[in-house]
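For the record, the sequence lines run as chains A and B.
Here the first sequence stands for residues 1 to 684, numbered as in this note's numbering.
Here the second sequence stands for residues 1001 to 1684, numbered as in this note's numbering.
Treat the hints with care, as some may be off.
Unchecked claim - Listed next, the stretches of chain B that the computed footprint assigns to chain A, with coverage defined by at least 3 CB atoms under 8 Å from CB atoms of chain A:
#1 1145-1156
#2 1171-1181
#3 1310-1324
#4 1398-1409
#5 1415-1427
#6 1585-1599
#7 1609-1617
To be verified - Facing chain A, a subset of chain B residues (Cβ under 10 Å, in silico):
#8 HIS1167
#9 ALA1252
#10 ALA1253
#11 ALA1255
#12 LEU1327
#13 LEU1329
#14 VAL1337
#15 THR1341
#16 PHE1376
Treat the hints as calculated values from the structure; they're not laboratory data.
Computed from a predicted model, the values in this text were never measured in an experiment.
We treat Cβ as the ideally placed atom computed from N, Cα and C, and that holds for glycine.
Number of protein chains: 2
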Amino acid sequence: MTSLARALFAPRRIALVGASADASRLTARAQIHLRRHGFDGDILPINPGAETILGERAYPSLDAAPGPIDHAFILVGAERVEEAVAACARRQVPVATILADGFAEAGAAGAARQQRVLAAARAGGVRLLGPNCIGLINVPARIALSVNAVLAMEPPLPAGRTALISHSGSLIGAILSRGAARGLGYSVLAATGNEADLGAADLLAMLAEDGGTDVIALYLETIRDPDGLRAAAARAFAAGKAVIAYKLGRSAAGAAMAVSHTGAVAGADAAVAALLAASGIARLDDFEALIEAAPLFAKARPLAAPRRAVSVVTTTGGAAALVVDRLGLAGIGAAEVRDLTLAGTRPDRVAAALGAAVADPRSDAAVAVIGSSAQFRPEESVAGVLRAAADAPGKPLAAFLAPDAPESARRLAAAGIACFRTPEAAADALRARLDWRAPLPPVDAGDVAQARAAVGAIAGAVADEWEARGVFAALGVTTGEAELVADPDALARIAARLRFPVALKAVSAALPHKTEAGAVALGLGDPAAAAAAMREMRARLAGVTLRGFLLMPMERGVGEVLLGFRRDPQAGPVVVLGAGGVLAELMPPPAIAAAPLAAAEARRLVEAAPLAHLRGVRGRERGDLAALAEAVVAVSRLAALAEVAEAEINPLLVRREGEGVVALDALVVRAEERAGARSNRDLP
Amino acid sequence: MTSLARALFAPRRIALVGASADASRLTARAQIHLRRHGFDGDILPINPGAETILGERAYPSLDAAPGPIDHAFILVGAERVEEAVAACARRQVPVATILADGFAEAGAAGAARQQRVLAAARAGGVRLLGPNCIGLINVPARIALSVNAVLAMEPPLPAGRTALISHSGSLIGAILSRGAARGLGYSVLAATGNEADLGAADLLAMLAEDGGTDVIALYLETIRDPDGLRAAAARAFAAGKAVIAYKLGRSAAGAAMAVSHTGAVAGADAAVAALLAASGIARLDDFEALIEAAPLFAKARPLAAPRRAVSVVTTTGGAAALVVDRLGLAGIGAAEVRDLTLAGTRPDRVAAALGAAVADPRSDAAVAVIGSSAQFRPEESVAGVLRAAADAPGKPLAAFLAPDAPESARRLAAAGIACFRTPEAAADALRARLDWRAPLPPVDAGDVAQARAAVGAIAGAVADEWEARGVFAALGVTTGEAELVADPDALARIAARLRFPVALKAVSAALPHKTEAGAVALGLGDPAAAAAAMREMRARLAGVTLRGFLLMPMERGVGEVLLGFRRDPQAGPVVVLGAGGVLAELMPPPAIAAAPLAAAEARRLVEAAPLAHLRGVRGRERGDLAALAEAVVAVSRLAALAEVAEAEINPLLVRREGEGVVALDALVVRAEERAGARSNRDLP
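Produce the entire structure from the sequences given, and follow the hints as far as they go.
Right, dumping it as structure tokens:
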């Protein structure tokens, strides 16, 4: 652990700035919780009006407090936080957690106040957690540095090897209490509040080095630093840890609420899903699965080649069907369902059947579904599962308990076996486990050197089509034959090498909507027709600065697609792929993936995209989907070119199998100076 | 209650056929459970080898047992069940429940055995529950007539006004134990097993008359009798009860497992959803929502005009966002989210805010989201909710508890307030409550009299196109101008009144695929062209018996749809509506609804169907969707014509707004003698 991580997660001398002697007040809670849950380091309550607070010697100011201070928990109101941070700076406190709300989540004035606080911290070398942050808990180290109401629970807090980083402080309480009821414990639980300075990605990077943590669970309301999250997740993965996440904002209403709740930014949920997948983060859609799935991921690696099938062993066919049905909705089949029936609750029979299930090469995971014995005979009911887990480790093993059976759940948890209370959580966790993949590697700089040069050659903020074609060609996308000519005379000179009929387009960065502007003419059969069209177009576009005219042979293919690239506010660089041309509005919305993509991911995107018109249905020809996937890989490399904000090929013509694809129209929008550099660290 | 219902649910003298004196055996359990849970009527154990069993006087045979017997629970092996049923018949036992498996769920031999048992019962006037049935429980009457392992729980069983009818016996245990942990009780809980005789629909019809039941929850693995289910649900609705259902088989894997588990039939899940909606049954997708939602439906009626919005009052914004996000995924908005924050846990503040939420005319329901106070101060945390419910009844009110807080859940349950443990269950239950509608009325026989006559006039099993056009025209669908002629000479006589260009089709019930058979010619510009095409067609179809040739003016419109009708194995009559013609394979699959539909439901189906090509996107013309909805209503009336198995208009041409729709090609398939009459009652 770095010294910052130690000061943040494992401080030995803690100042409580604004501590209260009134035990009923929120500002007294941190001190009460720290001592109640066994903190044996130094607490320095700071309060100008008291000599002792809750039995500890108090100090009138940080300046008056003796000795080094590892971590300050600032409990004063929003208007006094800036001053408190400045005091931290004077005392060289490395990190301060800020409780108060009334900052970026509370409108423009609050955002300005947050900026001032951050500036004070930067100037003084103090790192911040929060504001609007309820604090953090380090269970093994007995540091309950938080005002979280859940800390009213009886000590000891449930300890485990799962860490939790949460944008919501209150959900830390919900998760800790629900985990405790199941016998699931935690290592570190940290709320991040408004993330003025340290954010979820920073904490993830620090916990990647934590020897006491195997699984890092993220409860995310937004993503403020997609690049940072991706890098931190890669570090965690490399350190042998698994990262799982629940991300709020799957619906527009939820996203809007996250924005109002913590001043977050909204992005497209599909893009977020793509980012998490590409980052090697397993996303859970079911809230309790975030709690219950942890053992499925502890000390685990992604499956090499998932068969998307599980083996089920059950003592109750009815309940097994609940899980199988839910798995089916996620596209996961049942390789086998072995129903031992009532007679099969004997541990040796369960162990034998589960052992066979674990060994079954047709399945990725084994699931034990336990009926009423889990309620009335917990020890016997889980004994077979425990034995199978001990005998045949390796394949993911999970249990679903049909009745209300907390004692059986705790026994399974104690043995490190994932146990689920609902069929929805069980199926969601298994789905996430099977879908989990290693983080994708970043783009090799050499692969985009040419494209970078082509982008550098763009004159304005938006490329004209000739420039845009150059960028895509440099990335490796076929842009087809084309000639750029200045006028009909130039056309006459090259007409002999043109393949008629041709399409004609006026080339100008000032013409983003060429068709509407009358800057496109199609199917011109010979040089004379092309020259006439060019003259008409020139006259129509009088006043528009043109680079010239583009002449391209008319192309035929199986169908058109839209292949786009953009930078999502939450998810960062993404590619989108959907039907092009007139079909675009009739077919489902484009599929999305986080960029860059390797070949396998690009093929998956092509499979997932709404491209029925290219798949050879009902006697149609099949398009060259392999070439399309290659184009997706090429375009996705724009992720590495921060100078590109947005790009699109629409249409990209997909020819018959084996005949490739060709870009018929191209758009590239350059990033403005600061775009692409969204991290809070760049704030003044 | 009928005398059958009394014998089934509230017997006073119960014979246990095959009772065991060995308390460790399954066959001893019913007797143990009955006495343990307080049954004070007569138990008559039948066992040739014992004089007393578990302290009760036993009898060697049913014939030897004294006095009238209300209900026999047959516990013997499958091979001896037929004999036991015959004995029940001799003793005029009105109803017998059969425990044994090895019947229809176990292959052809089992199915044959089930038929023999059913025949014996029919012959002797005995009604059957099962086989493969674990029994039933009547909590208020203290009748635990079941071998269900859940009855090992401590008496008293949790009593309530929710009944449960379940295809799965073991899930009765899961539901009862989960309900008990939440303070939710039941009236009657009955497993139906293989439904050889009495099925879920029959039990539903009986419980519709039960004065001790407000809500009837169905756990369905299949639907064997859609018409019966619909009729029974309508009775329950008319009696002021609400019916809620969880239906297995949303995925193909789950459906397959239900088939293998209870010998059920598989149908399309979308059709099942449509049947349940049309039956006035609220379907829940989340398993625990089936348990937790009951209070939302008790003594309730569907909302007259749902705004699809809820008001949320919370003491913890983070947890409220979980629910709001999930509701958003179901298309339900948050009219307001009022965050009282930590300071707002005072009951008077919660009550005031919830009171305002209940009064808010913008929302359909109010949701209280309670944070950590629910865990540590249950009484205080729910007090405000209880007060609001008492002060302002009427609007659905639900609570979601963020932490693990069973005591708060029980307090809310005791007050009849729906309380949810997971955001998924909360959102699913609210969605189901808002989606809930009254059962649709059946078709008026007068509305289909003409169509019935038209179907009666069909010569064969499949109508030829002229006959099919007649059926649809009788239903009220515009079939457009058309002339049926025998030959080119006949054409010449009517040519003057034809509007050219025309389409020409050979009419024969032997030509279901006309295009492939060369039996269609389009765009014939004048009488000579039509006559020539007719001669060619006649030559090409030599050997096919033709009724004649159909001549129809070529029609133009905005786009084509497929409008179909069929009888689903589980769901009964349904209409399907999707894109027609070449777009059909490119666009999402058709939408489905249970037939018949009233005007409002037909408009909803049109809205839900994949008909982007008719909605005026991007400068396209908008189709006459109002006329399309009228055509849907008309076609859906085929539900009342059991003699029609399947029908389809493809394409149905949709013209511009105000210009109507016209059927261009029609198909009607008659039902075979027994089709449409699928009830088990019709078995020999």
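Verification of the supplied hints:
1. 1145-1156: holds (count 5)
2. 1171-1181: holds (count 7)
3. 1310-1324: Satisfied; 8 residues make the cut.
4. 1398-1409: holds (count 4)
5. 1415-1427: Satisfied; 3 residues make the cut.
6. 1585-1599: As far as the segment 1585-1599 of chain B goes, the hint holds, because 4 residues have Cβ atoms under 8 Å from chain A.
7. 1609-1617: holds (count 3)
8. HIS1167: Because about 8 Å separates B/HIS1167 from the closest Cβ in chain A, which is inside the 10 Å limit, the hint holds.
9. ALA1252: holds, 6 Å
10. ALA1253: holds, 3 Å
11. ALA1255: holds, 8 Å
12. LEU1327: At about 7 Å, which falls below the 10 Å cut-off, the nearest Cβ of chain A leaves the hint on B/LEU1327 intact, so it holds.
13. LEU1329: holds, 5 Å
14. VAL1337: holds, 6 Å
15. THR1341: Holds, about 8 Å.
16. PHE1376: holds, 5 Å
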